[in-house]
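Engineer: Just so you know, the sequences run in chain order A and B. Residue numbers are given in our numbering: position 137 of the first sequence equals residue 142, and the series is strictly consecutive. Residue numbers are given in our numbering: position 30 of the second sequence equals residue 122, and the series is strictly consecutive.
Just so you know, the hints here were simulated from the structure itself, not pulled from any lab data. The structure presented is a predicted model; accordingly, all values stated were derived computationally and were not measured.
Calculated pairs, BS3-like style, for lysine-lysine (alpha carbon to alpha carbon, straight line, at most 30 Å):
#, chain 1, residue 1, chain 2, residue 2
1, B, 299, B, 254
2, B, 282, B, 254
3, B, 402, A, 123
4, B, 223, B, 343
5, B, 204, B, 159
6, A, 124, B, 402
7, B, 108, A, 141
8, A, 124, B, 400
9, B, 166, B, 309
10, A, 7, A, 37
11, B, 234, B, 254
12, A, 141, B, 98
13, B, 234, B, 245
14, A, 79, B, 402
15, B, 98, A, 124
16, B, 245, B, 209
17, A, 167, B, 98
18, B, 209, B, 258
19, B, 98, A, 135
20, A, 22, B, 400
21, B, 316, B, 331
22, B, 204, B, 250
23, B, 258, B, 245
24, B, 400, A, 167
25, A, 123, B, 98
26, B, 402, A, 167
27, B, 223, B, 309
28, B, 400, A, 123
29, A, 79, B, 400
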Amino acid sequence: MKEIISIQHIEKIYNPKKIPVHALQGVSVSIKQGEFTAIVGPSGSGKSTLLNLIGGLDTPTNGSVIINDTDIAKLTANQLIEFRLQHIGFVFQAYNLIPVLTSKENVEFIMLMQNRSKKEREERAISLLKAVGLEKEINRRPVELSGGQQQRVAVARALASKPAFVLADEPTANLDSKSAENLLDIMERLNQEEGITFLFSTHDARVVKRARRVITLEDGQVVSDV
Amino acid sequence: MLTLLKIAWRNIWRNKLRSFAVFASVALGLWAGIFATSLANGLNEQRVSGVIENQLAHIQIHQNGFKDNFEITKYINNVRQVAQTLQQNENIKAYTTRTIVSGMVSSAATSKAVQIKGIIPQNEDAVIGLKKFIVAGEYFGKAGRTPSILLGKTLADKLNVKVRKKLILKFQDPNNEVIAAAFKVKGIYKTVDTRADEMTVYIEQQKLNELLGFENKVHEIAIKIYDLEQLETVTPPLKAALPNLLVESWKEVFPGLDTADQLQEQTSMLLLYIIMLALCFGILNTMLMVVLERVREFGMLMAVGMNKVKVFFMVMFETVFLMLTATPVGLAMAWLTVWYFSKYGLNLSGMSAGLGSMGIDPIIYPSLTYDYYPKVILLVVIAAILSAIYPAIRAVRLNPAESIRKL
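If we strip away everything but chain A, and leave its shape as in the complex, we get (with noise of 0.2 Å):
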């Protein structure tokens, strides 16, 4: 399978001026393409920050982050906005959806902003939330959803981009059990049927335990991957 992440000896230092703090130390890691991989360890670990770069919303303090045989560390800020919307799709622990948008709308809102025809955002949109099992929400907005219906609007979102591969950040932290069950179906099939790449942090042993590989932080350092 190809190669679409490969973090290459990254480093991130928080206040390097003032009081350095080393969320990061020498990491490295490669993703291939298909692969379902949740990144674990205790809080203070480094994920949020391996996260953040792996997703281009910071820049490494050295090493660099090549996905799609692009190094982000080196892209502008708008470069790298770009390169999130073509690339990457995001799910958040907190849902994050528009509240003043339907779920339809919801997850047309990215294809809009990659100026797809109303067509085709439309199509694509409906058979997302089918495949996330909301096809009788669509016209919905968040505020009508459960919160595992919500999540699913954000994976059906994360997906409208025709990404490289989702970032899932503690994705279930915020459900009950049955939809956090729920939801993990629904990813695991996406990533078995459509051979889409998802890459979780998470706490959730739930995650875990159906992820493919797992990768363990601490004091960020890599000290497992299995």
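Since the structure of chain A is already known, use the hints to place chain B on it.
Structural biologist: Using the frame of chain A, we list chain B on its own:
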């Protein structure tokens, strides 16, 4: 862009109570600003109109130097010739001649310094409508043995005289001889300018000229034209036709009145600017709250690929929508209020004494031209944009990585 507009529009309804508070402040601010402006305009127009229509007339003609100290000998001595010129001018609706002297009026109770105006009653009424201000007695009419005098109500009160009472007028003739003559109060008038009422008495010109020994001589010619808007085009040809006399439009006769008129316009706009500025700060505060409340949402939008320009415009659109939604309500309220009071008047009789001393009628008719409303709308848009800039900058400066984790 349409989706941004849609999101912005829907966002303003997310917190209805807050949005309503903003709408109310914008609508009430506009209403108050516009109504206050129309009231000030109306007040000023009435004051200007009162002075022009009831005292100055539109154009005045004097002998050069007369107005410096109202010297009795500086008269217009070729009245018939001037009258002929005026009669040939088709823009002139009416004119009247006045003989003016300063003197004293005495009753049994007291004496007062006054300006005595010798008028031709019919002509004077045609120019300044003096007859309609009579509140007691009558407007000249058939003279008895004692000649008639009209005096203002405030003066009558101070002299403690009523209609049919006798008064003595004293003044100097051109030879500096003191002349005293008895007059009977024929009528008491009351205009909106109580100060002028106290200082002016009217007698028939024929009588005054007889006492002064004047023949075919007057001190002042007051002219009323058909269309006051044409003042600037009517006056210059008259000046040219009467080169030896001082021909002045009311703006030249009483420049302070015109200046006050222009100042009023500027003050009205200033008032609106101040209201808009206050609204700006209110909106700025609201939009800052909006941005701070939605840090996570803006962070998410930037994380998933919305560029900063779009985020900036989203906040801008929301602010403009917020203000523009309230604007029609404010404008409609203002238009209705102005329309109602311009028709029926706003009665400020409680303040009539103070207003009267400024020459203002206690019933105010607000006035506002329609070209004022587009200016207000433009101001609202500018205010909305100005007040949105800082919150929008705050939104685009958010760090997506930190913002999406904010509670």
